[in-house]
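**Student:** Chains as they are written, first to last, in my numbering: chain A, 1 to 264; chain B, 1001 to 1105; chain C, 2001 to 2501; chain D, 3001 to 3585; chain E, 4001 to 4497.
Derived from the structure by calculation, the hints contain no laboratory data.
Under the rule of at most 35 Å between Cα atoms (straight-line distance), these lysine-lysine pairs were calculated in the DSBU-like manner:
(1) D:3559 - C:2303
(2) C:2303 - C:2163
(3) D:3559 - C:2163
(4) D:3556 - C:2163
(5) C:2163 - D:3565
(6) D:3347 - D:3036
(7) C:2303 - D:3556
(8) D:3036 - D:3433
(9) C:2303 - D:3565
(10) D:3565 - A:47
(11) D:3431 - D:3347
(12) D:3431 - D:3036
(13) D:3433 - D:3347
All of these numbers come straight from a predicted model, not from anything done at the bench.
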Amino acid sequence: MNGGLTGMKKRKQSMKGKFKRKDWQFATLTSLLIATLVTFLCWAILKEPPGEDLTAEALAPLFVQSGVTSPVTAILLNFRGYDTLLEVMVLFLAGLGIWSQATVDPTNPLVFSSPATHPTKPNFHGPGPELILATLVRILIPLMVLVAGYLTWAGGFQAGGAFQGGALLGGAGILLILAEPQRISTIPPALIRFGIVLGPAIFLLVGVSCFGYGGNFLQYPQPGAGSWLLLIEFGAAISIGITLTTLFVGGRPDPKRLKGTDQP
Amino acid sequence: MTITTGYIISALLLFGIGMNGLMTCSHQLRKILAVNLMASGVFLILIVTGFGTDGSAIDHVPHAMVLTGIVISVSTTALALTLACRIQQRLNRSADETAEGNDDD
Amino acid sequence: MIEPASLAPWLIIIPLAGGLLAFLLPSRSVLIGLSATVANGLLALAITFYSINTIPLEYALGGWPPPAGILLRIDGLTLVMLTMTAITGLAISIYAQGYFPARIGSGNGVSRHGPQQDFFWPLWLMLLAGLNGLFLAGDLFNLYVTLEVTALAAVALTALSGKHTSEVAALRYLLVSLLGSLSYLFGTVLLYRACHVLHLATLGALIVSSPVVWSGLALITVGLLLKTALFPMHFWLPPAHVNALTPVSAILSALVIKASFYLIFRFWGDVFMRILPLGGYSLLGGLGAAAVLWGGIQALRQKRLKMLIAYSTVAQLGYLFIALPIIRHDAGPSSRFALVYLIISHAGAKAAMFLAAGNVFLHFGHDRINELAGVKDALPMTSFALAVAGVSLMGLPPSGGFIGKWLLLTASFASGQWWWGIILIAGSLLAVAYIYRVVRHLFTKAPGPSSGKRQVARTMEASSLFLAVLSLVMGIFAPLVSKLIASDAVSLASLLAGVVP
Amino acid sequence: MTGINFQSGLHILLLSSGAGLPLLFVLFLWWRPCRKTVYALLPLTTLPALLIVLFVPSEVVVEVPWFFMGGRMGIDPIGRAFLFFTALVWCFSTLFGQASLSDDPNRYRFFGYFLVAMAGNFGLILAQDGLGFYLFFAMMSFAAYGLIIHDDTPEALRAGRIYLGLVIIGEVLLFAALLMIAGMAPGLLFSTGQPGTGGALLFVLLFLGFGIKAGALPVHFWLPLAHPVAPTAASAVLSGAMIKAGLLGWLRFYPLGLSNPGDYGEIVIVLGLIAAFYGVVVGLGQREAKTVLAYSSISQMGLMTILTGCAMLTPTYRATIFSVIALYAIHHGLAKSTLFLGTGLLKSSKNQYSQRCWLTAGLIFIALTLAGFPFTSGAMVKTALKNVSGSLAPPWSGILHLLLPLTAVATMVLMVHFFTVMPTGKASSSKRKQWREMLAWGAGLLGVVAGLRLWPEAARFHYGILDSAVLWNGLWPILMGSVIGWLIHRMALRAEKESIFELPPGDIVGVEGYWNQRKIIPWFTSIQQTPPGDTQIFGTPGFISFFSKYQGELGKREKILMRWKVIGILYLTLCLCLIVLFAFY
Amino acid sequence: MNQSGNLLIFILLSSLLPGLIIFSLPEKSHRIRTILNLGGALTKLSLILLMILGIYQGFYYEFRWTLFPGTDLVLNADPLSALFATLSAVLWLLTTIYAIGYLEQSPNRSRFFGYFSLCVSVTVGIALAGNLLTFLIFYEMLTLTTYPLVIHRGTPEAMAAGRVYLCYTLGGGAAFMAGVAWLTALVGPLNFHVDGLLLPVVETHRVSLTLIFILLIGGVGVKAALFPLHGWLPRAMVAPAPVSALLHAVAVVKAGVFGIIRIVHDIYSIDLASQLGLLFPLSLLTSLTILYGSWRALQEDDLKRRLAYSTISQVSYIALGISLAHPLAAMGGLVHLVHQGIMKITLFFCAGNLAETLGIHRISEMNGVARRMPLTMAAFSIGALGMIGLPPLAGFVSKWYLGLGALAADQGWVIVILITSTLLNALYFLPIVHHAWFSSQEHPWPTRKAGKLEAHWMLLLPSLITAFLVLIIGLLANSEMSPMAWARLIMNKESLQ
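This is chain A alone, in the form it adopts within the complex (with noise of 0.2 Å):
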């Protein structure tokens, strides 16, 4: 990626004699207004005095309902469910927009390193400092499994959740991308998309089977509350961490690549 910014960088000294002088008299302009707006909004907020909060007392007797005891947690799945489904509809939403845009090769070199810092080895493999890159995965991918597994299912009663699971999970995707390409590039995509698809639709499928419970959409039934939620929890863990690898990967998987056709 920064393979292709500094190239960027470079057209733009180029541009630069050009623009000096009137630049300088809306930038001068704009922050001039930026200020005002500050200063006015600090004024505002400070002068404010604390109004009784509506919301909190509403929701301090329903915690118990809910099915969780970390508030946040709480509120994120159970009161404000149907928030935290759009919120992975987004997310499933960037995956989509990233894929449909290109199509990337992870064992390309050029693509993950820029030509300054490895000009001569096209290969990844060679011994020297990859070799501490391939213990740390031996070490380390594991351990951020379990600690993603741990993180996720401690959403329940104090912080931590899907996103803080999904998160390091992604993290871990993308060391493997770094270390690994070749091992990465041969997952078939029918299986990413799969993994991308999972957490949204677990989330959709359990709100709908809400129905037949008799209640309204995404109103668990009460007394099994908690372990809907860790269903929920787990599901989209997965699919965050696939679709942010995707998303640091940069596009769908080259289907040429795949059919063996080696070529760069």
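Given the coordinates of chain A, work out where chains B, C, D and E should sit on it, guided by the hints.
**Tutor:** For chains B, C, D and E alone, kept in the frame of chain A given last:
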């Protein structure tokens, strides 16, 4: 009261700087980063809103909103960066072609 | 008897599920996409039919009472917008179903256009879900999330065409909508700090005018204005709408733009009407008037048909903003009904025009206005659709546009603000001028033999014609729509009881 | 109409066929196959009119509500008299025309117009209400145009154009007059007793409107132009019957319209007198026989104008004066038409010497009757005229008493001049045609001789008793006139000219040339290519040129708006404005 | 009380449906198209006659469609609308026959006849409109349906004429819309049959009522070709003959004047209009138009343009009659609506015949043409003489009543206007008739096919029928069923209400 005012002022400053960056920088990447700055400013204020007068967290709804906001801003930034990269790659490829053609650029 | 409110969540579930499935099984994405859109259409009609005389309704998501949980709200305006989105979306999907094979069949192979089709449907369904969610949402933060879903889907769709220009436009569009939605979020935060409640109805009742509320509402409004591309901030709309694929540009200009305007109308015309300043309404009206004139003049300058239609969108939006001050001052429901009518007929007409322009581009390879002479012989149905849509945009009877303009005109005169009336008329004359530039070629004889390259499928022409005729004969459905809006006015009257005229 | 017995049914049929039959014949003329038969039966068209005169009593009125604003047909004393000589004149002219034009290529066209004019003439006499009268009057005038330009010669076209111009002006003036009268007497019925309230304007309109047709002074110049160019039958009818329609118009409308016609009577008499002498003076300056006759008609009409003037002056004697006018009209109509037919005959009788002398004898006799030779209808009319002038108020009776004999002298002088310029036969025509023309002319002559005798009214003017005073009164004007005439002829011979001074026919119309040079008329009817889209107030080229001028400007403005920096500033200013508005709300 | 409002809808549909079907017909299906056209025309005529009988017996037809509580579309039949509807229906039947004959081989006829029938249904819509909003809707739709007919030929001049036509009519339409909107804002829905609508507002809004009147008359005046707004009519003569015959002599122009009648009589009511001092300027304007139209007609050598200018002046007679604020003059104006329509359509038919068979467009080429085409020229002469206002013909009747009304309203100067315009009419019509009948032929014309009629029978028959109508209406002016009696009925109904 003082802790929250400090957070609020810094959050507003963050928001202002982010907006200024978005509007004045002409480079795509700087704009995307500026947007992130603005978003973090807003999230900071959101968190502070949940705090009571004595600094203890009473209302957790803003926290949930922050989480949602963060995920959304991650996805939008990802999409923005991809778009920026594709534009740049296309510019570089066309720049290289023109470079071979005439080397004034 | 089905309880209408329980149908509401399905309006969101079906498109979401469709989007996921279409992504999962790319080969059958067209089938899934079409069936989801049809289902959504039927559902929207069903809801409108069942709940016609029991609105406004509320549906608690997750069963939690308002201040705690999120609410879906259904009132006259929502039903109208839902039906509009459903019908227009259905027509555009039918068009898209014929559009992609035509592009693929055009020789430069499956490689470039194949994936476009696979990804169009999931993105479109997600957009549809976002739109439905937005119209139904009764919660301030939920609106932010749905707004975000719609914006993201729209940007991804715009960038779908893969051309360099469309990507640049998409990035600019994304950055603009980010600025807009962040300001909106900031506004929401400020309002939450003031009233600590997110549910719109209670917020509207509780809100008291204070500096924080001022700045909150100001930020929300400015954010939404940027996303609706009102006059000074319309720079991102033409490139985005023109460079996108034809069905996408139709979706963008007919539906996505309306979503953010719907929010402005919801806030300025309904929820916060009580405390919003009169000066604000005339400011918006003034900007709207400037948009009508500037959009019209720019449309006259354009060389390409799609650019002309894009600028005509900028102009037509101006009308919607002119309606706000009139609604504020006019007591009766007629100006409200007029605004809704303008929205619906513009959606139909604009979508039809973009689809027709797409047909022309597909068939001739270019859409330069001065060389459109051969259109009538090559594509008779498309030329008729262009003419009929043009009539509806001009606001000539019997189109819905006329009824909207007529009621707005009478309301503006009745409420003593005759200057809006004059702008309306000047605008429609400008519309006549730039539509005439296009329609005129339909009647001139084609100079040489029409060298159309690609054959345009009949369904594509039929769908654009259907939309155009729909917007033309909108007049006949007026009583149905008026019933919906009238009931809105009643529920509003109570809210406005304390309004200082 | 129920319960009418057979007789009144017959009357209604006759009344409606008076004007109807000629129109019917026109339709048949138009229809190609039966043209020949219709041509042969032409004289029959005048039969119903004659029958009406003889049989239909005057109180029968045909009310036809659906016909054109409610038509009313009927015959009243004046109408009967006018119809009597008009029918006779049309009958003789038809006979003559049928013969003279038998080999003319577009004779059907001529007789088409001829019959329409006839129908118009009969119709206007029979009409009992203003609108009916106006309808047939217009029909007759426009049809006469077709007769005048029958020969398609340049002079005919010029005369036709002038005639048409005047006719239209007349129509328009009458239209205005009728409107004013209709305002007062809604039904415009002639029979209503109460007088109208019209003032000077109405009098001028009526006088000029009908004066054009009657050849009154200022607007007479179409007559001398039209008569020479028109075929003989047409000019006979024109001067014999059609001119009288103007007179009838005056008689019908003056009592109806004017509040007190009296104060306009003098003007009419003076104009009549001037016309009488003017006609003769200018007539002497003409070289063509028919033009001379035309001028004699103008002077005779002048006399009749005097009579109308007298009628206006003395409303009490109106009935008697009307009958005198009727007599004069009959006498002049028959005489003048026969004169015209005779001149026509002379023209075409090249070498039949015997026929020529018969003709000249007949013409001389008619000239004498015109001048008022004793024992002829002329004398009778002269005595009637004298009685009328006697009954006038003091100043006028004296003047008229003096001037009337002079008019007789003048007429005689003009007649003498007429004989000097009598045409010598130019063309010879077939024997059979010649014979039929002679027959028609003979009938005319008979009419002149016996016409007035038959007329019951005339008995009142003790026709031609043998006491010496009356004889002398009748003779001396004729003798004196012939002597003066002969003297003038000799002076003209010495100056080797046909007449002592040269005047172009249609004296004051020569002024038309003046108009042409001045380019008044050409400018007015000039046909020049109008500029495309005369008033370009809304023409879009204006709008587009204005628009393209600012094209570049608008483009630049739009580009500026495209830049982020500008948008940023606008965005912030808008936000701040809203906040400020909030603050001040 | 909606006794049988759907009769009115059937009248509208009887030409709307065939029009829409014809649009979809392929070009060569000549027979179906003719059947549809003529069938539509005949059904419409019979339905309208049925309506007239109904009106005669005091039947009350009304069709109401509420768009929005407070604004609804109303169609109902009163004598005035019956008059205009009959005129359009009769003349549409004749013009359809004429058009079928005229456009024998020309391209895209389906489009032509489609728009043609749409246009007539819109005209009848204008006639039957029950309130000012319905009138406005149909008035604007009239522009839509007539524009394609004006530019039917697609030549550059046609396009230019079409552009000018659009500018004028849409500008007018916008002004009219503004006026109607403003009035509705002041007073509420403007029903034609409710009297004294504006009374409550007269004292307070005197100035705005005057402004509204100017807007309304300006808007409607464009189509009625009043003086400053007449520019489009002569230029629209590039359209084919049937279009200029029906549209620019009857449908479009009469719609404008009909609008003026509705505004002055039913919305403002005569006494209110005169009280506001609006009628006198209107009569001045119309007189100015009468003289200007005739004067410009004098200078035109192109036959159709001369007829166009004469239409401009003749139409203003009707407006003049209305503006004289006297029942008699109004009766004269109303009846002139019918008479002028019939006379002018005869003239346009004959002009079309000449152009079609002999290719004559300019008057200077018309010398001796009567010998070659006697029937056409006979019809033309009857029409021309009628226009001048010779007694037996229809033109005289309306001029007569106009004069009477002017006198009764003691506006003497109007008679001077009538006289000068009659003179001008004579000046520009009689030379044509004279040259046609009496001067010899100068230009070579295509030889006449032996035994055949002088022109296609479909071109000849309509012109002869309308000429005969001119004669009959003139002669039988006083009978019950004549337009004159109908105008009297309208005036009595007016004064009665």
